[in-house]
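*Asks:* Produce the entire structure from the sequences given, and follow the hints as far as they go.
Below are the chains, spelled out letter by letter.
There are 2 protein chains.
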Amino acid sequence: MDWILHLILLLGSPYLTVGFVNNDEVQTLTRYILRGPSRNSGLEWLEPLVDDFGHRMLCRKSLEDAIDFTVERLRQDGFDNVHTEEAPNMPNWERGEDTVTLLEPRNLKLNILTIGGVDPAKVTAEAVVLEDYDLINTTNVNGKIVVFNQKWTGYYEDIKYRRAAKEIKALGAVGLLAKSLGPFSIGSPHTGGGSDEHLPAASLSLEEAELLGRLARRNKTLKISIDIRSKNLPPCTSRNIIFDIKGSEKPEEVVLISAHIDSWDLGQGALDDGGGMAAVWQAMKVIRELGQTDKRFLPKRTIRAIFWTAEEHGFAGAKHYYEQHKNGKEKFYFVSETDQGAFKPTTTKSILRFMGNTTQRAKMQEIVQSLKRNDIPISVQEGDKQGDVQSWADDGVPSVQYVADKGADFYFYFHHTTGDYLNIFEDGDIDYTAAIMGTLAHVLSNQDKW
Amino acid sequence: MDWILHLILLLGSPYLTVGFVNNDEVQTLTRYILRGPSRNSGLEWLEPLVDDFGHRMLCRKSLEDAIDFTVERLRQDGFDNVHTEEAPNMPNWERGEDTVTLLEPRNLKLNILTIGGVDPAKVTAEAVVLEDYDLINTTNVNGKIVVFNQKWTGYYEDIKYRRAAKEIKALGAVGLLAKSLGPFSIGSPHTGGGSDEHLPAASLSLEEAELLGRLARRNKTLKISIDIRSKNLPPCTSRNIIFDIKGSEKPEEVVLISAHIDSWDLGQGALDDGGGMAAVWQAMKVIRELGQTDKRFLPKRTIRAIFWTAEEHGFAGAKHYYEQHKNGKEKFYFVSETDQGAFKPTTTKSILRFMGNTTQRAKMQEIVQSLKRNDIPISVQEGDKQGDVQSWADDGVPSVQYVADKGADFYFYFHHTTGDYLNIFEDGDIDYTAAIMGTLAHVLSNQDKW
Chain A
1 MDWILHLILL
11 LGSPYLTVGF
21 VNNDEVQTLT
31 RYILRGPSRN
41 SGLEWLEPLV
51 DDFGHRMLCR
61 KSLEDAIDFT
71 VERLRQDGFD
81 NVHTEEAPNM
91 PNWERGEDTV
101 TLLEPRNLKL
111 NILTIGGVDP
121 AKVTAEAVVL
131 EDYDLINTTN
141 VNGKIVVFNQ
151 KWTGYYEDIK
161 YRRAAKEIKA
171 LGAVGLLAKS
181 LGPFSIGSPH
191 TGGGSDEHLP
201 AASLSLEEAE
211 LLGRLARRNK
221 TLKISIDIRS
231 KNLPPCTSRN
241 IIFDIKGSEK
251 PEEVVLISAH
261 IDSWDLGQGA
271 LDDGGGMAAV
281 WQAMKVIREL
291 GQTDKRFLPK
301 RTIRAIFWTA
311 EEHGFAGAKH
321 YYEQHKNGKE
331 KFYFVSETDQ
341 GAFKPTTTKS
351 ILRFMGNTTQ
361 RAKMQEIVQS
371 LKRNDIPISV
381 QEGDKQGDVQ
391 SWADDGVPSV
401 QYVADKGADF
411 YFYFHHTTGD
421 YLNIFEDGDI
431 DYTAAIMGTL
441 AHVLSNQDKW
Chain B
1 MDWILHLILL
11 LGSPYLTVGF
21 VNNDEVQTLT
31 RYILRGPSRN
41 SGLEWLEPLV
51 DDFGHRMLCR
61 KSLEDAIDFT
71 VERLRQDGFD
81 NVHTEEAPNM
91 PNWERGEDTV
101 TLLEPRNLKL
111 NILTIGGVDP
121 AKVTAEAVVL
131 EDYDLINTTN
141 VNGKIVVFNQ
151 KWTGYYEDIK
161 YRRAAKEIKA
171 LGAVGLLAKS
181 LGPFSIGSPH
191 TGGGSDEHLP
201 AASLSLEEAE
211 LLGRLARRNK
221 TLKISIDIRS
231 KNLPPCTSRN
241 IIFDIKGSEK
251 PEEVVLISAH
261 IDSWDLGQGA
271 LDDGGGMAAV
281 WQAMKVIREL
291 GQTDKRFLPK
301 RTIRAIFWTA
311 EEHGFAGAKH
321 YYEQHKNGKE
331 KFYFVSETDQ
341 GAFKPTTTKS
351 ILRFMGNTTQ
361 RAKMQEIVQS
371 LKRNDIPISV
381 QEGDKQGDVQ
391 SWADDGVPSV
401 QYVADKGADF
411 YFYFHHTTGD
421 YLNIFEDGDI
431 DYTAAIMGTL
441 AHVLSNQDKW
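Protein chains in written order, with full-length UniProt numbering: chain A, 1 to 450; chain B, 1 to 450.
Simulated from the structure, these hints should not be mistaken for laboratory data.
As the structure is a computational prediction, the values presented were derived from the model and not from experiment.
There may be inaccurate statements among the hints.
Claimed, not checked - Cβ-Cβ distance ranges computed for the label pairs, FRET-style: (1) B:P48 x A:T99: 19 to 27 Å; (2) B:K109 x A:G428: 26 to 34 Å; (3) B:D132 x A:P120: 45 to 53 Å; (4) B:K385 x A:G428: 33 to 41 Å; (5) B:G314 x A:K385: 46 to 54 Å; (6) B:R73 x A:V123: 34 to 42 Å; (7) A:N140 x B:P48: 23 to 31 Å; (8) A:E86 x B:D427: 52 to 60 Å; (9) A:V123 x B:K223: 36 to 44 Å; (10) B:R229 x A:T99: 17 to 25 Å; (11) A:K385 x B:Q292: 57 to 65 Å; (12) B:P235 x A:T153: 48 to 56 Å; (13) B:G154 x A:N232: 41 to 49 Å; (14) B:E72 x A:K385: 52 to 60 Å.
Don't be surprised by glycine CBs; every beta carbon is placed ideally from N, CA and C.
*Replies:* Spelled out as structure tokens, the structure:
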């Protein structure tokens, strides 16, 4: 149990700080998680959440029950300031028994998932298959169902296909079938948020988007019928979950680590974003436990964790929280999220997607160097996709989103599919993510200034 | 186009034979496929079969239509002896809207596929989760639904779980839920053949078998309801497809390469076994084309290709053919099948699963050496699973089943799932399989004796 020996040595010696990162502090925290008493605790914490409540769709009982269950556990853990804050007017969309059927050249019920937010609609029309987005500008799509059969180039590059409703509707299209956003499939379409336009729209499995592509290349006329029963319902109120480790010197300066609790209505939302929640919880639990053993470990600034609601619906929960707090007396010093797979980083292709200025970036580099010294390979990369913490990032608060190497590709095997289950995580995945989030939170809560 | 140069050189020079394998002959054939005019032709041949007819379930119109389409194409190709032979009394099973629902500890419609051959049944009972088959002998399963949540160790090792109905019924079990037979899943259960017993039985997705396993380990009582609507119907008659390249010296001695045309009622049966068919067709086409260019390339024995029906139902089509022909005047000299993924071999973990005596095995080794010299890594391995050609293998006819390295594991990502689509094949997969099957057929059709 080398972490115990290390802790004893640490308690007997002053922290040795080079730059603003104290490597002993990072070592204590990461060893406590990866090889010490906290090992596997995040995964164990996650199990009853996803197994007992299942997926947690916004405006559904399973989400609100899961929120209650989580708050109760956080109170038992003894965190500071455990509470929920209401997020009113949340989008309420319910999936129905939707069908999309290829009628010609042969009858085949297609393997689809309706895109979130679409209202009931029926349409039968000829389909045109486009292998690239820009072809909408040179192809007659008027009166047609547009089928996108793009090559996977990455989620953020390809999301325009799923969100094309408004643009293709303006060109006269009567329906949208977008190839699912992922690099690999076993008959597994992906859902996700779409446009507000009431154009019938669904994601096709990779296999069947490619089938339609091949049929079109052989000059077959494709006739497709779309029958959407899904619908929007009156808005609901949901809740964000907040819990703190109160800062000893600057309690009103907040270092934020976060993940989201809501999910789509498929699988059990373990990957997206139960694993993120578990890593955030584990990081918080470890900082609290180490602080109880050694008061010097307690943070100077407040470390706050938030489990957002309504992430899957345009970050609606986080945006509401931001609006409520942006003019408050608390100052957000740093914000972060983990929502692209709480995976173990195995190469320095694992990144902290960072927004901030040059000085701040240099500090991130120091943190990353310290993580590397503790066998956590990772690098800093500029990027502007910060998910739920985007509002603060846009405000100039330094921000990070953790993306493991597996988060760039493997994550999208399962994202928004029926395959989003706890077994995606391998031993250590959540531990490593917790070690990264905990290190960020702890180091930044204690530095003098940005 | 080095194959043309090679062909010219070959035509001008006598075959150089070391042992019984003529390496020039193998090189001509493999180059013609892998880098010559036949490149990609198998994959192109397969496309309309799977895209225009879809899956091809026994006793369904799509199978018989696909048989007619295939026969017509073979006739146009000019093969000898193109015909079908009826296989009567074939099992006729139709999947219904089957549901399996977890009632306690929470309500969840489980992600299942009924096991083939099961008749309508309804049962609600407590479930017991077993992580290993042998636990049926030490666990009280009387009145219970048995859920198997085994670790994947391989298809042939684990198939006992799917076929456990008879045995667990004898112990008083009232239902069977078997974890799907595969190493990896994206919410993708696998179907397959089961037992004849009328015990309600279905395959669970990996994810949900593991979910039930975790709930049981946390001492939750599991209550499950099974409602099977699938049913057996009166038997039907289907057809095997036979086509030859007639032997020039020993036409009544048959060298057989084969694959099966029927599939389960999911996906499009491209992997299982459209790819096998395409490779067999491509091998036959190439041998015929090379023989037209150079008469010396024509086989001395008859090379026969068969596309079996009813493979998915206990090899019923092949067994019928065997019974009809075992006492005929034709002598089966060698039999083979490709039905475990028509993939490119990338390592010598790719095998010819071989049954035969020591002398025959030595000859297989020579063929394999020649394939290796032509950049096709493969090895010979003893094994007794020869699929549709098992009857001949059991009779002592030397036999081979081709299993690429990807056939051991990756194949079972898709096997009997909704993900069995043409896109599984990468560039070259079917070409390489055709090169192997073609080499086996051609070399063995021309050797003096075993």
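*Asks:* Now tell me if each hint is right for this structure.
*Replies:* We went through each hint and held it up to the structure:
no., hint, result
1, B:P48 x A:T99: 19 to 27 Å, "holds, 26 Å"
2, B:K109 x A:G428: 26 to 34 Å, "holds, 32 Å"
3, B:D132 x A:P120: 45 to 53 Å, "holds, 48 Å"
4, B:K385 x A:G428: 33 to 41 Å, "holds, 37 Å"
5, B:G314 x A:K385: 46 to 54 Å, "holds, 53 Å"
6, B:R73 x A:V123: 34 to 42 Å, "holds, 36 Å"
7, A:N140 x B:P48: 23 to 31 Å, "holds, 27 Å"
8, A:E86 x B:D427: 52 to 60 Å, "holds, 55 Å"
9, A:V123 x B:K223: 36 to 44 Å, "holds, 42 Å"
10, B:R229 x A:T99: 17 to 25 Å, "holds, 19 Å"
11, A:K385 x B:Q292: 57 to 65 Å, "holds, 60 Å"
12, B:P235 x A:T153: 48 to 56 Å, "holds, 50 Å"
13, B:G154 x A:N232: 41 to 49 Å, "holds, 48 Å"
14, B:E72 x A:K385: 52 to 60 Å, "holds, 54 Å"
Of the hints listed earlier, there is not a single one the structure fails to meet.
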